[in-house]
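Novice: Which chain is which? The protein sequence lines are H and Z, in order.
So for the first sequence, the working numbering puts the first residue at 1; every next one is plus one.
So for the second sequence, the working numbering puts the first residue at 1; every next one is plus one.
Since the hints were made in silico from the structure, they are not lab data.
Please note that a few of the clues may not be correct.
In silico EDC-like cross-links for lysine to aspartate or glutamate, where the CA-CA straight-line distance does not exceed 16 angstroms [claimed, not checked]:
| id | chain 1 | residue 1 | chain 2 | residue 2 |
| --- | --- | --- | --- | --- |
| 1 | Z | Lys88 | H | Asp5 |
| 2 | H | Lys218 | Z | Glu68 |
| 3 | H | Lys218 | Z | Glu116 |
| 4 | H | Lys190 | H | Asp5 |
Only a predicted model underlies this, so the values are computations on that prediction, with no experimental measurement involved.
Chain by chain, the residues:
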Amino acid sequence: MLGLDLTFLNWDVLSKFVLGGLRFSVQLTVVATLGGILLGTVLALMRLSGNKVLALPATIYVNGMRSIPLVMVILWFFLLVPSWVYGYLPGGMNNRAEYSAYITFIAFEAAYFSEIMRAGIQSIPRGQVFAGQALGMTYAQNMRLVVLPQAFRNMLPVLLTQTIILFQDTSLVYAIGAYDMLKGFTTAGKIYGRPEEAYLLAAVVYFAICYGLSWSVKRLQAKIAIVR
Amino acid sequence: MTWDWQVFLNDDGSGRTYIQWMMDAWSWTLAVAGCSWVVAVSLGGIMGTLRTLPNSPWLVRLANFWVELFRNIPLLVQIFLWYFVVPKVIPVFQQVPGFVLVVFALGFFTSARIAEQVRAGVQALPKGQRYAGMALGFTTAQTYRYVILPMAFRIILPPLTSESMNLLKNSSVAFAVSIAELTMFAMQAQEETSRGIEVYLAVTILYAISAFAVNRVFGFIETKVRIPGFIVAGGTGGGH
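For reference, chain H alone in the conformation it holds in the complex:
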């Protein structure tokens, strides 16, 4: 068909080259999502704290990260994270690109998640905060028990959509040569002399995963909307 030959991509080749990459892509997505939401929530709270000393650095960090291309951020962290950091991690410098990717994606996605969490927190009616205060809650209790759970729930579809984008963005670790799913496909394609077919199949797999995920998010959104 059209000069393409997909037959070389049998299960053996896939499990040898692609599966490890897929595992890294998924791990990177999960770690960056959890770390990014955590750090992003802290940044959002700093920005909304009304305290200039906290708000200003958080604002600069978030806006700065969001005005730089992700590829440049990946390159920056790869250049700047000192090598002794990797010494503490298993595998050390052998996995430098992969570890650097984890650090980069947590730091980068935190900026985007922080904007989502900030919108979520601001979407909570002020009456909720007043109710908490009337019950004698401290600021921290109010945030932890009243505001953040609701903000998180309201923003769940948006957070998950961002996670899908994040999963797609993990392919950009290509810039530092980390071994992700795309790299798995391109490696297999190179070894068997069929790069075009490998790219095509990579596209199909990415599409299937992302389409499936976004379909689930849509279902979830509909479910949450009814409850509210």
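Using the hints provided, position chain Z relative to the given structure of chain H.
Specialist: Coordinates of chain Z only, in the frame set by chain H:
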């Protein structure tokens, strides 16, 4: 560590200084982003409009498929597809320069996002607008041309601003197929000069300046096309 900004005045081995190379790279970035923007806005406008047509389920399906297809594959993979796979499958594309292929890749990728915004913009309009067009005896095409699209365009200006800034940032992915743009320059100059921090800093600043310029241009357009009393001024771009 010490700064060494002199490095930009060094010869890069082909008779031009690094700063000249960087400026060339900057113009490539702007060219890729600008051309892709034209592709993205034209296709995104068409596809987004098709998705809102009242009586054409097949056109709606086609446009929905378009959006899902280009939204669910990573940009880097799409660039590889355009650059390596399309010329192999469709031989005519072997004559097409790499720059154009990357413009297509980035333009089609972004068009899916813009189509989503256009659809949201059209659906945000009150139904009465469409009925008003029908009551005046407009055809569907006329209703869109004179009533719906001019309003929808103004509504989506803020998200279109951020998407245009995203497009500019995404043009950095073109490094993967050796387009001589800023990120490519950053990687190569870093390797040749070992002055990574200075090189990256300069490139990062150029990206930030470009993104800010896009933001300002859209802010200007937004004030120019504002219809008094119609659309409450939102923040000018960048935000959510």
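Novice: All hints, please: hold or fail.
Specialist: Results for each hint:
For a cut-off of 16 angstroms, the pair hint linking Lys88(Z) to Asp5(H) stands: about 12 angstroms separates their Cα positions. Restraint check for Lys218(H) and Glu68(Z): the C-alpha separation of about 13 angstroms stays at or below 16 angstroms, so the hint holds. Between Lys218(H) and Glu116(Z) the alpha-carbon distance is near 15 angstroms, which keeps this suggested pair within the 16 angstroms criterion. Under the criterion of a C-alpha separation no larger than 16 angstroms, the hint pairing Lys190(H) with Asp5(H) is consistent with the structure, at around 14 angstroms.
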